[in-house]
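Just need the whole structure built from these sequences, with the hints factored in.
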Amino acid sequence: MFKSFLALGAIFLGLAVILGAFGAHALKNQVAESSIATWQTAVLYQVIHAFGLVVIAFMFYHVPQAKFLFAIGTLFVLGILMFSGSLYGLVLTQWKFLGPITPLGGLCFIAGWSLLAWSALKLPA
Numbered sequence: 064m065f066k067s068f069l070a071l072g073a074i075f076l077g078l079a080v081i082l083g084a085f086g087a088h089a090l091k092n093q094v095a096e097s098s099i100a101t102w103q104t105a106v107l108y109q110v111i112h113a114f115g116l117v118v119i120a121f122m123f124y125h126v127p128q129a130k131f132l133f134a135i136g137t138l139f140v141l142g143i144l145m146f147s148g149s150l151y152g153l154v155l156t157q158w159k160f161l162g163p164i165t166p167l168g169g170l171c172f173i174a175g176w177s178l179l180a181w182s183a184l185k186l187p188a
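In this text, residue positions in the sequence shown follow the numbering used here: the first is 64, and each later residue adds one.
The set of hints was computed from the structure by calculation and includes no laboratory data.
Do not take every clue at face value.
[Unchecked claim] Below, computed lysine-lysine pairings styled on PhoX-like, alpha-carbon distance capped at 25 Å:
1. Lys-130 <-> Lys-91
2. Lys-66 <-> Lys-130
3. Lys-91 <-> Lys-159
Pasting the structure below:
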């Protein structure tokens, strides 16, 4: 899983750079200012959690006894897809059905960080 989460983290980080530039330049005069702020929020949360995936990947490598790393990484991936993905979709398409997906992604992020904290406290000293 080290390679998978490291690769996914790198892919999501690279996409965040592309999507950030797209939002700053291509969307600038195409959507409302509030939509630009929504786009920036999606990019920010993608960066934070993609970096989290890189951290999880290295934990797999250096702390193999740490439990729940796969679950944490999976929650971060799902969170990026649902939270950031739904926000990108809302800005680009205005499809209202995407709105309820966003908080589900946020719950994945919260669950992932909570599980990481709990798992860290359970590591041997």
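(request) Determine which of the earlier numbered hints do not hold for this structure and return their numbers in increasing order. (result) 1
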